[in-house]
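A.B. asks: Listed below, chain by chain, are the residues.
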Amino acid sequence: MTKKQKKVLYRIIVAFAMVILVTILTNIISIPWVVEGALYLAAYFVIGYDILKKALKGIRNRQVFDENFLMAVATVGAIALGDFKEGVAVMLFYQIGELFQSIAVGRSRKNIAALMDIRPDYANIMVDGRLEKVDPDEVAIGSEIIINPGERVPIDGMIVAGTTTLNTSALTGESVPRDAAKGDEVISGCINLSGVITVKTTKDFGDSTVSKILDLVENSSMKKSRSENFITKFARYYTPAVCYSALVLAILPPVIRYFMGTNPQTGAWIVRALTFLVISCPCALVISIPLSFFGGIGCASTNGILVKGSNYLEALSKTRCIVFDKTGTLTKGVFEVTQLHPENDFSKEALIEYAAYAESASAHPISLSLKKAYGQEITLDKVRDIREIAGHGVCANVFGKRVLVGNRKLMEQEHIRVTDYSRAGTVVYVAVDGAYAGCIVISDVVKETTKDAIKMLHAQGIETVMLTGDAKAAAQRVASEIGVKNVRSELLPADKVAEVECLLQQKGQKDKLAFVGDGINDAPVLSRADIGIAMGALGSDAAIEAADIVLMDDDPAKIALAMRISRKTLSIVKQNIVFALLVKAACLVLGALGIANMWIAIFADVGVMVLAVLNATRALRIRKA
Amino acid sequence: MKKTYKVEVDCANCAAKMEEATKKTPGVKDATLSFMALKLTVEFEDGADIDSVMKAVVKNCKVVEDDCEIFL
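Chains as they are written, first to last, in the numbering used here: chain E, 1 to 625; chain A, 1 to 72.
Next up, chain A with everything else stripped away, as it sits in the complex (with noise of 0.2 Å):
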C-alpha cells in the first residue's frame, strides 16, 4: 500500500532527515521524499494503520524538524 501526502519544508537537508525519520517509523516499510516535488511518498506495510502510523511519522519528523508540515 503506498500513499503520497503533500509536505512543507524549507532546507533539504532537513527533508533528507524527514525521510530518514519516517523510514524508521513502525509500520512503514520505505519512503521517500522529493523536496523539489514537496512529496512525501509512504509504502506501508501489510495489515499496519495508514491513519495511526501517518500519526507517528507526524511525530517523529516534528522531532527532526520541527519548522514541517505533512498534510495528511
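Pulled out of the complex, with its shape left as it was, chain E reads as follows (with noise of 0.2 Å):
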C-alpha cells in the first residue's frame, strides 16, 4: 500500500468506528439531535473532506461533472434531507471502494512490471585487474564485459571467452537454455546459467534486444483500442446525461404532482435524482477495459509475444484468415537430407557417403546438407580429381571408383537409367562407376511444431493459407504434411504483395487477415496485411520495426496462443462493458422508480468497478491450453 492508500484507510476506520459508536449511543441514552448530527458531521468530514474540496475546487474550474462532485451533491443532499447516517455511509463505502480500485490497480501495475522486469540494473567491465560495475547506459560499443553465472546479459554483443548455457525465457518463453561458446551472439535480456563469460558488446545499451523490448511493450498501451475509444467516447455523453436526467427527476415529478392536487413528494424525488448521481460515474467502464488489454499483452509478452499495441490484440481476434510464408515460418528454413532410395545393391550408408565425398569441396547449401547427413569426418585424401559441373553437379574419384553426384541432366547426359522422385523436392542423383546408385531426396523440414499448430488454428475456425517462392510440387508435399489446404506456390515477393491483396478483397468488411513471415525479406507483406505477425525475431530489429505483433522464438504455436490470449481478453472486455452497462441501466430503472435506495446505488458504482477491475486482472493468468 502507498501512503496515500493508508492514509485513507485509516480515515476510513476512524470514521468506520465512529459511525458505529453514534449508533450505540443513541440506542442507550437519548441524546438531543443536534448533538447527534454534530457527531455524523464529524464523521462525515473525516472521511469526506477531501472530496468536498476537490469538487469545490472543480465548479471553481467548471468541471461540475465530475465524481467529486457527484459524491459531494449526493452526500450533502442526503445530511440536507436530514439523513446524516446515510449522507456518511455513502461517502465512507465510496472510500472503501476507490482504495480498493486503487489497490487493485496498483497491484495489476506491478504484476505486469514483475512480468516484464528483465531490465539488465548493471554491466561488469574490467578497470585496473578489477571488476567495477557500471550503468549499462554508459558502456561503448566494442567495450569488453564480464557476465557472471547468475547475471542478465546487460547488452547485445558477441562472446569473446568463456562457454556457458543462457537462459533465453524472459524473452522468448521458451525454457530449455541455449547453448553459447565464443563467436556466437548474446542478447541483452537473457540469462547466463552456467559459466563466467566476456562479451564485446556490439550495441549500444539503448539500441540492445532488451531496450527495445522494453520501450514496446510500455508503450504498447499508447495505441489504444477501439473498444477504449468507443468507452471513453460514450463516457464523455453518459455522465452528463444521467446528471441532467437526474436534475430532471429532481424537479418535474414533484411540479407534475402539484398541478395535480396530490402530494408533491418533494424530499422523496430528490433521495431519488440522488441515486441517479451516484450511479452515473462511468470509472468502471473506463478503468476496465485498458486494464485488460494491459493484462492481455502482459500475458503475451511473458510467452514471447510482444503485442504492439492494444489495438493489435483486438484486431487479431477478429482475425479469420492467417496467411504464412513457408518458409523459415512453417518449415526451418534449412535444408536436411529426408530420403534416402538406394537401388542395386548399395546400402543407404554408401550411398550417403559417396555423395558425401564428392561433394565435399562445395559450399553449396545442398552439398552441406549432405555432409551433415553423412556425419563422419571427411577424409580428404580419398577424394581426388573433383570437377564441377555447373548446373549439373560434380564428378569426382572417391576411392579410387568414379563417382556422378547431381541432377537428372547430368544422369542423362551420362546416359544412366535413374528411377523418378522429382515429386518428393530436390533430388541428388548417384552414379558409381558408371552403375545407378539411388537418390537422395533434400527438403526443407517442416518445424516439429507446425502441425500441432496448423491443427489448432483450424479447431478456432480460421483459414490458412500457405504462399511460397517455391516450386508447385514441392510447395504440395509441405502443404499436405501440415494440414494446409490453400497454397499459392513460385511467388515472387511482389506477388506475395498481390495474393495478400487479393485474400483481403475476398474477406468479410470486419474480418482481419493477419500474415505471418520471418520478417527480413517479408516487410512489404508485413505492413499490408491487417495485422503482421514476424517470427523469430529475436536479435533481428528488422523484424520488430515491421511487424505489429513480435514472436520472439520461432515456434508456430505461439500464434495459436496469441490467438487465445486476444480473444480471451476480448471476451474480458466484452463481460465488463456489457456488465457494468446492464447493472447501472437496472439501478438506474430502479432508482428512478424509488426501488433501488442509496446503498444499491453505491453498489452500482464502486462495486461494478471493483468487480470489473478484478475480472480484467484475469487477463494476466491465461493459460498456454
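Bear in mind the hints are in silico, worked out from the structure with no lab data behind them. Careful: at least some of the hints might be erroneous.
[What the hints assert, rightly or not] Pairs of lysine to aspartate or glutamate residues, derived as EDC-like cross-links and limited to a Cα-Cα distance of at most 20 Å, are as follows:
#  : chain 1 : residue 1 : chain 2 : residue 2
1  : A       : K2        : E       : D207
2  : E       : K7        : A       : D51
3  : A       : K59       : A       : E8
4  : E       : K3        : A       : D67
5  : E       : K3        : A       : D49
6  : A       : K24       : A       : D51
7  : A       : K24       : A       : E69
8  : A       : K39       : E       : D215
9  : E       : K54       : A       : D67
10 : E       : K54       : A       : D66
11 : E       : K133      : E       : D204
12 : E       : K53       : A       : D67
13 : A       : K62       : A       : D46
14 : E       : K3        : A       : E8
Two chains, two separate frames, one set of hints: put the complex together.
C.D. replies: Below, the structure is given as C-alpha cells:
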C-alpha cells in the first residue's frame, strides 16, 4: 500500500468507528438530535473532506460533472434532507471502493512490471584488473563486459571468451536453455546460467534488444483499441446525460404532482435524483478496458509474444484468415536430407558416403546438408579430381571409383537410367562407376510444432493459406504434410503482396487478415496485411520494426496461443462492458422508480468497478492450453 | 517531435479527461495518456516551444483534474 492509500485506510477506520459509536450511543441513551447530527457531521468530514474540497475546486474550474462533485452533491443532499447516517455511509463506502480500486490497479501494474522485469541494472567491466559495476548506458560499443553466472546479459554482443548456457525464457517464453560459446552472439535480457563469459558489445544499451522490447511493451498501451476509444467517447456523453436526468427527476415529478393536486413528495424525488447521481460515475467502464488489454499484452509478452498495441490485440481476435510464408515460418528454412533411396545393391550408408565425399569441396547448401547427413569426418585424401559441372553436379574420384553426384540432366548426359523421385523435393542422383546407386531427397524440414499449430488454428475456425516461392510439387508436399489446403506457389516477393491484396478483398468487412513471415524479406507484406506477425525476431531489429506482433522465437504454435490470448482478453472486455452497463441501467431504472436506495447505487458505482477490475486482471493469467 | 512524461493520477476517467485537455492545448498536435502505464506522450507541432507548451498542458490538466501530477 502506498502512503496515500494508508492514509485513506486510517480515515475509513476512524470514520467507521465513529459511526458505530454514535449508533450505539443513540440506542442506549437519548441524546438531542443536534448532538447526534454534530457527531455524524464530524465523521462525515473525517471521511469526506478531500472529496468536498475537490468538488469545490471542480466547481471553480467549471468541471461540474466529475465524480467528486457527484458524491458531494449526493451526500450533502442526504444530510440536508436530515438523513445524516446515510450521508456518512455513502461517503464511507465510496472511499472504501476507491481504495479497493486503487489497490487493485496498483497491484496489476506491479504484476505486469514484474513480468517484464528484464531490465539489467549494471554491466561489469574490467578496470585496472578489478571488476567494476557500471550503468549499462555508459558502456561504449566495442567494450568488453564480463557476465557472471546468474547475471543478466545487459547489452547485445559477441562472446570473446568462455562457454555457457543462456536462459532466454524472459525473452522467448522458451524454458530450454541455449548453449553459447566463443564467437556466438548473445542477446541482452538472457540470463547467464553456468559459466563466466566475456562479451564484446556490438550495440549501445539503448539499441540493445532488451531496451527495444521494454520500450515496445511500455508503449503498447499508447495505441488504444477501438473498444477503449468507444468507451471514453461514451463516458463523455453518459455522465452529463445522467446528471441532467437527475435534475429532471428532482423537479419534474413534484411539479406535475403539485399541479395535479396531490402531495408533491419533493423530498422523496430528490433522494431518487441523488441516487441517480451516484450511479452516474463511468469509472468502472473507463478503467476496466485498458486494464484488460494491459493484462492481455503482459500475458503475451511473458510467452515471448510482443504485441505493439491494444489495437493489434483487438484486431487479432477478429482474424479469420492467417496467411503464412512457408520458408522459415512453417519450415525450418534449412535443407536437410529427408529420404535415401539406394538401388542396385548399394546400402543407404554407402549412398550418402559417396555423395558426401564427392561434394566435400563445395559450400552449397545442398552439399552442406549431404555432409551433415553423413555425419562423419571426411578424409580428404580419399577424394581426388573433383570437377564441378555447372548446373549439373559434380564428378569426382572417391575411393578410386568414378562417382557422379548431381541432377537428372547429369545422369542423362552420362546415359544412366534413374528412378524418378522429383515429386518429393530436390533430388540428388548418385552413380558409381557408371552404375546407378540411388538418389537422395533433400527438402526443407517442417518445424516440429507446425502441424499442431495449424490444427489448433483450424480448430479455432481460422482459415490458413500458405504462400511460397518454391516449386509447386515441393509446396504441395509441405502443405499436405501440415494440413494447409490453400497453397499459392512459385511466387516472387511482389506476387506475395498481390496475393495478400487479393485475399484482403475476398474477406468480410469486419474480418481481419494476418500475415506471418520471418520479417527479413517480408516487410512489404507484413505492412500490407491487417496484422503483420514476424517470427523468430530474437535479435532481428528489422522484424521488430516491421511487424505489429512479434514472436521472439520461431515456434508457430505461439500464433495459436496469441489468438487465444486475444480472444480471451476481448471476451473479458466485452463481459465488463455488458456487465457494467447492465447493472448501471438496471440501477438507474430502479432508482427512478424509488426501489433502489443509496446503498444499491453505491454498489452500482464502486461495486461494479471493483468487480470489473478483478475480472480484468484475469487477462494476466491466461494459460497456454 | 514526441516526448513522454510520467504522470500521477488516481482515476481512469480523469486520465481520459487529461488526455482530452492536453490535446486541446495550443502547440500540441496529438497526445495519448495511458492510465495503466501512467505515461503521457505528447506530439508537439513543428516549431512549438516545448517548455511553454508543457506548462500550459499542466495548467489545463489541473483544471480538469486538480489531483494530478505531470513530471516535466
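A.B. asks: Indicate, hint by hint, whether the structure satisfies it.
C.D. replies: Hint by hint, here is what the structure shows:
no.	hint	in the structure
1	A:K2 x E:D207	holds, 18 Å
2	E:K7 x A:D51	violated, 34 Å
3	A:K59 x A:E8	holds, 15 Å
4	E:K3 x A:D67	holds, 15 Å
5	E:K3 x A:D49	violated, 36 Å
6	A:K24 x A:D51	holds, 16 Å
7	A:K24 x A:E69	holds, 18 Å
8	A:K39 x E:D215	holds, 12 Å
9	E:K54 x A:D67	holds, 8 Å
10	E:K54 x A:D66	holds, 7 Å
11	E:K133 x E:D204	holds, 17 Å
12	E:K53 x A:D67	holds, 11 Å
13	A:K62 x A:D46	violated, 25 Å
14	E:K3 x A:E8	holds, 14 Å
Checked against the numbered hints above, the structure breaks hints 2, 5 and 13 and satisfies the rest.
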